[in-house]
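Asks: Next come the chains, spelled out residue by residue.
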Amino acid sequence: MSDLWDGLSQAWILLWTLDADLVEITARSLQVTLTALAIASAIALPLGAFLAVRRFRMRRLTIAVLNALMGLPPVVVGLVVYVLLSRAGPFGVLGLLFTPTAMIIAQVIIIVPLIASIAHQALRELWSDYHDLLISLNTSHVQRMSALLWDGRRALLTASLAGFGRAIGEVGAIMIVGGNIDHHTRVLTTAIALETGKGDFALALALGFILIGLAIAVNLAIHWLTRTEQEGRW
Amino acid sequence: MSDMFPLIVEGALTRRRGKVLVGPVDLRLEAGGVTIVIGPNGAGKTSLLRMLHGIARLNAGRIEWACGQERAREKQAFVFQTPVMLRRSVRDNLAYPLRLGGVTRREARAQADAMAEKVGLGDALGRPATVLSGGERQKLALGRALIRSPQVLFLDEPCASLDGRAMREVEEILKTAVQDGVRLIMSTHNMGQARRLASEVLFLLGGKIHERGSTVEFFDAPKTAQARAFLNGDIVE
Amino acid sequence: MKTFFVAVAAVAAMSAVAWAEDMKMAVTTSFHNSGLSDILLPAIQEDLGLEVQLLVVGTGQALRLGEAGDVDAILVHSKKAEERFLAAGHGTHRLEIMYNDFVFIGPKADTASVADSANAAQALQQIASTESVFVSRGDDSGTHKKELSLWASAGLDPQSLGDWYRAVGAGMGAALNTASGMDAYIISDRASWLNFGNKGELALLYSGDPVLFNQYAYIPVNPDKHRHVKNDLAMKLENWLVSDRAKDLINTYKINGETLFVFNAK
Chain A
1 MSDLWDGLSQ
11 AWILLWTLDA
21 DLVEITARSL
31 QVTLTALAIA
41 SAIALPLGAF
51 LAVRRFRMRR
61 LTIAVLNALM
71 GLPPVVVGLV
81 VYVLLSRAGP
91 FGVLGLLFTP
101 TAMIIAQVII
111 IVPLIASIAH
121 QALRELWSDY
131 HDLLISLNTS
141 HVQRMSALLW
151 DGRRALLTAS
161 LAGFGRAIGE
171 VGAIMIVGGN
181 IDHHTRVLTT
191 AIALETGKGD
201 FALALALGFI
211 LIGLAIAVNL
221 AIHWLTRTEQ
231 EGRW
Chain B
1 MSDMFPLIVE
11 GALTRRRGKV
21 LVGPVDLRLE
31 AGGVTIVIGP
41 NGAGKTSLLR
51 MLHGIARLNA
61 GRIEWACGQE
71 RAREKQAFVF
81 QTPVMLRRSV
91 RDNLAYPLRL
101 GGVTRREARA
111 QADAMAEKVG
121 LGDALGRPAT
131 VLSGGERQKL
141 ALGRALIRSP
151 QVLFLDEPCA
161 SLDGRAMREV
171 EEILKTAVQD
181 GVRLIMSTHN
191 MGQARRLASE
201 VLFLLGGKIH
211 ERGSTVEFFD
221 APKTAQARAF
231 LNGDIVE
Chain C
1 MKTFFVAVAA
11 VAAMSAVAWA
21 EDMKMAVTTS
31 FHNSGLSDIL
41 LPAIQEDLGL
51 EVQLLVVGTG
61 QALRLGEAGD
71 VDAILVHSKK
81 AEERFLAAGH
91 GTHRLEIMYN
101 DFVFIGPKAD
111 TASVADSANA
121 AQALQQIAST
131 ESVFVSRGDD
141 SGTHKKELSL
151 WASAGLDPQS
161 LGDWYRAVGA
171 GMGAALNTAS
181 GMDAYIISDR
191 ASWLNFGNKG
201 ELALLYSGDP
211 VLFNQYAYIP
221 VNPDKHRHVK
231 NDLAMKLENW
241 LVSDRAKDLI
251 NTYKINGETL
261 FVFNAK
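Protein chains in written order, with full-length UniProt numbering: chain A, 1 to 234; chain B, 1 to 237; chain C, 1 to 266.
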């Protein structure tokens with residue numbers, strides 16, 4: 001129990017004094033995860049819409065695979081990305097291993113299935129609602145997808161936030177491909193793992209509390225932004 | 001004025017999971033007037049309209065518009081029994097078909113505003129379509145169907161769940177459309193509405209056109225026993 | 001709170017700053033946990049203008065990283081594995097830098113009387129005969145390999161031991177956490193133990209047998225195998241590691257007044 005209180009008070013001290021290392025790794029966590037989220041959303045949301053709108057032979061299989069990949073163990077993703085990016089691997093010449101870019105790649109792979117799956121669920125309902133009208137209006141597939149993406153944007157925001165939550169708290173993959181290098185690829189989660197390894201539970205907990213606070217802050221900020229949009233538009 | 005007619009339908013048939021929904025249908029429709037489709041539940045009224053509009057798969061036969069398929073698609077619209085409300089404002093719902101056709105945002109808005117006035121939604125422009133009442137929804141659906149100035153408008157029981165006042169408003173909009181030269185093809189359960197609007201009647205039974213006649217002919221002297229029974233209010237199979 | 005986020009945003013905005021010169025070195029967890037890297041790295045940066053990026057992993061993984069050419073040099077402590085690494089041509093040469101030692105950690109009550117043993121082998125035999133719970137790293141790391149060789153010299157086979165022998169398959173810190181939770185015996189490097197924050201009921205019970213010495217060696221990755229490897233920087237770092245400046249920093253590094261490392265580069 002006392003570890004928890006130590007953790008809380010240490011979290012406050014770190015925040016209050018604007019600890020330079022803390023600011024740095026927090027900023028890197030945000031930078032990596034928000035970049036990964038933007039890329040993953042750009043892939044996964046249209047994919048979700050595509051799966052909702054198109055009927056093709058492998059559709060059911062694709063959806064089943066996507067759902068299964070939602071539970072993809074990050075460590076496995078990390079290993080695969082490591083093997084691909086390693087100097088001895090096919091993309092070794094790019095020299096991306098142990099860089100924030102490698103961490104972004106791993107996170108994108110981890111959250112694309114999650115976001116696409118949730119987006120598909122949400123847009124499938126919307127599509128059954130819109131189906132007759134959009135067919136009647138003789139819309140192209142692209143027009144159908146964009147109508148779903150635009151009108152379903154609130155549900156899609158939830159999908160993206162779920163992806164953010166999974167990415168910001170992920171440690172297994174980015175530990176392997178990022179290497180947890182100080183001042184280079186260390187982020188909140190890998191720092192927590194490091195401090196836990198050193199047995200410094202208070203500091204690890206403090207970083208954990210800051211991670212939770214950060215996740216809440218980002219969620220609130222995005223909901224606040226969309227609410228103002230809602231008032232302006234509707 | 002309309003280059004779409006005559007519409008020639010030969011042996012047209014649509015199925016779903018092996019079961020024939022409607023057809024085979026042979027039909028020739030000329031320009032002008034209002035064709036009302038009536039018949040008991042399950043007779044295939046909705047399926048006939050969807051098949052003619054081209055949103056139900058044609059499993060056999062042919063449906064040919066005089067102007068060709070491609071052009072015909074752009075010149076017709078459909079109003080569903082349960083109107084589909086895009087999750088946008090009334091104005092954006094009205095503007096949507098125009099935006100699809102590449103009309104600029106500004107021009108689409110101007111036309112949407114004018115159409116809203118026409119269908120009596122002038123003061124609801126900024127409201128989300130999903131909070132409209134049943135009558136308002138149907139008027140919005142009508143306005144959205146009419147905004148691309150179609151030559152043919154299909155309507156599937158547009159007044160099925162409306163109160164008297166909303167029904168009157170919808171019928172007024174339809175009459176204006178007819179005056180503007182829009183060809184209506186519409187199904188209904190309401191015999192009074194059929195008498196008020198129709199210039200000819202298609203009586204559907206068991207997925208086939210059982211009887212066809214002008215409004216006066218059909219209602220005053222139905223030719224078949226089933227049509228007589230149906231107009232009597234008897235159960236017809 | 002607000003200033004915190006402003007600061008975060010500011011750092012995020014400028015995080016694309018380029019470093020002057022940098023190289024990557026894989027080191028073992030035990031070396032990093034000792035805290036010595038926090039002394040050496042800033043000094044290297046100051047003297048050479050070289051940023052050494054540390055990948056803190058187990059010896060097994062460190063050797064794999066070197067083999068794949070993903071790091072420029074490695075600093076590990078498992079002589080046999082290092083020699084195999086060199087024989088396969090993955091490294092240019094092996095240079096001994098310093099050593100520290102392994103220690104026996106266990107519950108203060110010391111049910112197996114490890115504190116009174118004459119040597120490391122006897123200590124293990126006593127743990128085995130009393131069937132006291134023992135935590136093994138079990139992760140193929142240098143420390144794990146050392147432990148296995150100690151069991152062998154005690155005439156015991158870890159494979160055939162009872163369920164009091166727990167291989168956790170984790171790093172030094174995690175293994176110490178596990179031992180602390182179970183009040184178990186464990187072999188740790190001295191540095192990791194001294195820096196460990198969650199000691200609980202554990203205490204250092206036995207040390208000093210020369211077989212427990214833990215030699216660290218530096219191996220630059222072979223540039224003939226991987227052309228991109230920064231061998232010039234690795235050599236620059238090697239020259240610094242054997243310098244008097246490094247010798248001084250290593251020999252005087254203390255935790256709680258205890259010296260940890262002995263510099264022995266020739």
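The hints are simulated quantities; they were obtained by calculation from the structure and are not laboratory data. Predicted, not measured: the structure shown is a model, and the values here were computed from it. One thing to keep in mind: the hints can contain errors.
[What the hints assert, rightly or not] Derived Cβ-Cβ restraints for the label pairs, each shown as a range: (1) Phe56(A) <-> Arg105(B): 27 to 35 angstroms; (2) Ile222(A) <-> Ala88(C): 48 to 56 angstroms; (3) Asn264(C) <-> Ile222(A): 53 to 61 angstroms; (4) Gln121(A) <-> Thr176(B): 18 to 26 angstroms; (5) Ser149(C) <-> Phe56(A): 55 to 63 angstroms.
[Said to hold, decoys possible] If you only want the chain B side, here are some residues facing chain A, beta carbon under 10 angstroms, derived: (6) Arg28; (7) Leu29; (8) Asn59; (9) Ala60; (10) Arg62; (11) Cys67; (12) Ala77; (13) Val84.
Cβ atoms here follow ideal geometry from the backbone N, Cα and C, with glycine treated the same way.
Asks: Determine for every hint whether it applies to the structure shown.
Replies: Verification of the hints:
no. : hint                                        : result
1   : Phe56(A) <-> Arg105(B): 27 to 35 angstroms  : 33 angstroms, holds
2   : Ile222(A) <-> Ala88(C): 48 to 56 angstroms  : 52 angstroms, holds
3   : Asn264(C) <-> Ile222(A): 53 to 61 angstroms : 57 angstroms, holds
4   : Gln121(A) <-> Thr176(B): 18 to 26 angstroms : 43 angstroms, violated
5   : Ser149(C) <-> Phe56(A): 55 to 63 angstroms  : 60 angstroms, holds
6   : Arg28                                       : 24 angstroms, violated
7   : Leu29                                       : 19 angstroms, violated
8   : Asn59                                       : 17 angstroms, violated
9   : Ala60                                       : 21 angstroms, violated
10  : Arg62                                       : 19 angstroms, violated
11  : Cys67                                       : 15 angstroms, violated
12  : Ala77                                       : 7 angstroms, holds
13  : Val84                                       : 4 angstroms, holds
Violated hints, listed in ascending order, are 4, 6, 7, 8, 9, 10 and 11; each of the other numbered hints is respected by the structure.
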